[in-house]
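The numbering of the sequence shown is UniProt numbering, which starts it at 1 and goes up by one.
It is worth saying that the hints were derived from the structure and are not from the lab. These numbers come from a predicted model, not from an experiment. Each hint should be verified, as a subset may be incorrect.
Said to hold, decoys possible - Calculated lysine-lysine pairs in the BS3-like style (CA-CA distance at most 30 angstroms, straight line):
| id | residue 1 | residue 2 |
| --- | --- | --- |
| 1 | K35 | K172 |
| 2 | K76 | K201 |
| 3 | K65 | K95 |
| 4 | K35 | K129 |
| 5 | K72 | K127 |
| 6 | K91 | K184 |
| 7 | K129 | K201 |
| 8 | K35 | K72 |
| 9 | K65 | K35 |
| 10 | K69 | K184 |
| 11 | K176 | K127 |
| 12 | K76 | K199 |
| 13 | K129 | K72 |
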Amino acid sequence: MEPNLKKSGYVCVPYTHDEASLKLKNDWTSSRNIKSIYFVTATFSEDSKSYFPSSTSHYLMAKFKDTEKITKDVAKFTTENTSFIFSIYGKILSKDSDIAQNFLAMYYLESDAQENISEITSLMLKKDKIQYSGIVHLSTFCNISPKFTFPYSNKIIVLDVNDERSPQSTSKYCEKIRLDICRKGIVMNNFASFSVLEKLK
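Required output: the full structure, derived from the provided sequences and hints.
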């Protein structure tokens, strides 16, 4: 990873409808660093819950242009519920589409991400509903220190999906992709998924 690059990515902060989260939403709506904002419902895998027990189910999710700027925003907003920053450091694929993304799936690899990138890329290219996929670095913010350190922070794969079907159908679609990759001998585990309820920007 090149620490000096302006990395883009995704940020998820707990949305609690209080004054602080409303202010953050308004700040991001007018921020040039924020490309889009969504109100999402989150589903964490049982494995990831053990590392992040203070995660919640409703988040404000945004796509940002510069990790450094977003980190300052989230550091000021830290609460007892975990916030997540996913900074992209490797692109797998990117497609143009008129259909808005409505589902974000996150997985983590147990092996080295770069070693398996060519096989993962060739499989992803065949999937028509993936609008973007990349390798991301995870940073978390929480007032409550976790009991365990998540050991795969640099090995997370993101799938940004546009699918007009239900979130359940999209989740099954992503799970099939995960299983296809696992059949190649690459262990890819569920981390979390974020289903868009409303686009705010």
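Hint check results:
no. : hint        : verdict
1   : K35 - K172  : holds, 28 angstroms
2   : K76 - K201  : holds, 22 angstroms
3   : K65 - K95   : holds, 18 angstroms
4   : K35 - K129  : holds, 21 angstroms
5   : K72 - K127  : violated, 36 angstroms
6   : K91 - K184  : holds, 20 angstroms
7   : K129 - K201 : holds, 22 angstroms
8   : K35 - K72   : holds, 17 angstroms
9   : K65 - K35   : holds, 7 angstroms
10  : K69 - K184  : violated, 38 angstroms
11  : K176 - K127 : holds, 11 angstroms
12  : K76 - K199  : holds, 24 angstroms
13  : K129 - K72  : violated, 33 angstroms
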